[in-house]
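Undergrad: Top line first, the protein sequences correspond to chains A, B and C.
Note that the numbering used here has the first sequence beginning at 1, numbered continuously upward.
Note that the numbering used here has the second sequence beginning at 1001, numbered continuously upward.
Note that the numbering used here has the third sequence beginning at 2001, numbered continuously upward.
Please keep in mind that the hints were generated in silico from the structure rather than gathered at the bench.
Some hints here could point you the wrong way.
Claimed, not checked - Facing chain C, from chain B, some residues (calculated, C-beta under 7 Å): (1) Asn1381; (2) Gly1384; (3) Ser1385.
Please read all numbers here as calculations on a predicted model, not as lab measurements.
Beta carbons: idealized from backbone N, C-alpha and C, even for Gly.
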Amino acid sequence: MTVAAGRVIDLHLHLLDRQVVDPDGRMVCKVDDLELELDERGRPYVTAILLGPRALGPRLGGRLGRWVAAIGERLAERDRPVSRIDFSLVTDIGSAIAVSRPRGRLDVIPLEDWVEEHVIARIPGSRHESE
Amino acid sequence: MKQLLSVALGVLTAIGGFVDIGDLVTSGLVGSRFGLSLAWATLVGVVGICLFAEMSGRVAAVSGRATFDLVRERLGPRAGLANLAASFLITVLTFAAEVGGIALALELASSVNYLLWVPAAGLAVWLVIWRVRFSVLENVFGLLGLALVVFAVALWKLSPSWSDLAHQVLAPHNPSGEGLPTYFYYAIALFGAAMTPYEVFFFSSGGVEEHWTKRDIRTSRLNVFVGFPLGGLLSLSIAATAALVLLPRNIEVDALAQVGLPVAVAAGKLALAAAILGFVAATFGAALETGLSSGYAVAQYFGWQWGKLVRPREAARFHLVVLASTIAAVATILTTIDPIKVTEYSVVFSAVALPLTYLPILVISNDRDYMGDKVNGRVSNLLGSVFLVLVVVAAVAAIPLMLATKAGQ
Amino acid sequence: MRASDLLGREVLDRDGIRLGVVTDLRCVLDGPLRGGLCAPRVEALLVSRHRTGSLLGYDRNEQQGPWLLRVLVRLLHRRLTVVPWTVVETSQAGPLARPLALRVAAADLPAAEGRRTPG
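Chain A extracted, bound-state conformation (with noise of 0.2 Å):
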């Protein structure tokens, strides 16, 4: 399902829940929630895509989708905001939603980085494809 200008979309249906995709085929988040605003004559529109425990906590609801933002909370750097990816970087909406720029440089999957570093890395043999 490709999308045009005018088309119609459920935010629910069609966005939330969806895997997000890099150019090279990457895996990069699922849209956790959407960030709205309202334009000039009231209406709300998406400017983003919101992922990470603070954006998942509040859609779990409860108590458990409050102790996943609190633990979204706690890992977040001083004064972060909720990791965002922009609007603009979103080039189509299909089974998954693709964005324009490669995961490295969006800078928005910090628990991964830290994995990857202080775990992953260590063991032997992890640079490797093993196909």
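Once you've looked at the hints, dock chains B and C against the given chain A.
TA: Just chains B and C, lined up with the frame of chain A:
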């Protein structure tokens, strides 16, 4: 010619890879207690897994999305998370059962106590996941698993009354001494042993990694519709040999050695060696699949990079989950809990978890936005709906039956 | 404001009658052009009587099988209403827990019976 070879390889791998510790133990056990009167449950399970895997494979080929990715998308984050928790735990439980199975098989081969093999088995499984190419991994263990054909050979050598066997299969009856709840408990166990959720996670994730497109649907279907039923026949051979050799002697299966006993009786030592090779290959292959699947489920829910086709450093969280699952599986078996018991629990709980992943796949395979013109046809939908009812019934009945029969005593 | 602030919100009509909860936000890609695509702009709310997490897509496509599931889902969501954004009281459509209020009566809203999402 090359394509023909590759298709043949795929089918052979599917046959050899079908059987895991759950099938081995459950088929042997049921054969030794019920004869072939529960063969229908295996047959139903085989039809079910063919249906389920075909839909997942088609979805992976057309949409490029793997099963658990879609589970969260269709069920939402909350229900999806509950689904993940259940599926993950059961996959790790099955992983533990497979590791236990490897150790038991190696014990049969070496007379070294199985507990000593457990850490080595866990390490070997993790190393293969870490370093060995996906295609090699799939093919080697699938092909070696074909050694289990020796059960079919043993069955033939036992010269059974085929009409008698057919009668048992087609006119199922309840052998003396076993209550009806126990009968249906084992029907669900056989069903869960054939329709394992991890199989579908693995199959569809593999398809996405190998960048299947619509053109691969035919090959995928061939693997499924030829490979899985023939694999199911292996399961039935195991049950039949147990029925012919163990049932008359009142030997009940509670160890892996007894599953192989009929082969030794019917066809001698060399055949038993082949059976043990088959045990090791089947359980090792299944351990690889469950280990990877535990990572697939978590990574696909959260949207992390997963898979073996990228460098481990690019899928760091996925590999961390796989490592943690391996440690958990090994630790579970090292508690000296009977691996056969772990296997029995894993197949029953697989039946309980089945609707959670089956439903989203059934829904998506009907969604035109995703599948274009490759949506389910009427036959698939009819069968799909029948099996939806079946998996829900099995899931609901499993735990009460387990409690009522004290896990089949 | 986030999408999750609007989803799941209770909706009351002008007379205070509960319509249901917001289960989806129907958007048109005619918002401010950002990068390659126009931003999705909310044009209507899909409101269902029940809080079921997901519609599984069955309200969208008329012919989607299998029959069994379609019937079940339609049953659960038989009172699905499309509420144009223009009738929503926007003075408090922010991250607050209060129900969304509409400017019209429920009777004036069209029901959504198996409407297919174009494209």
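Undergrad: Of the numbered hints stated previously, which ones are contradicted by the structure, given in increasing order?
TA: Violated hints: none at all, because every hint is consistent with the structure.
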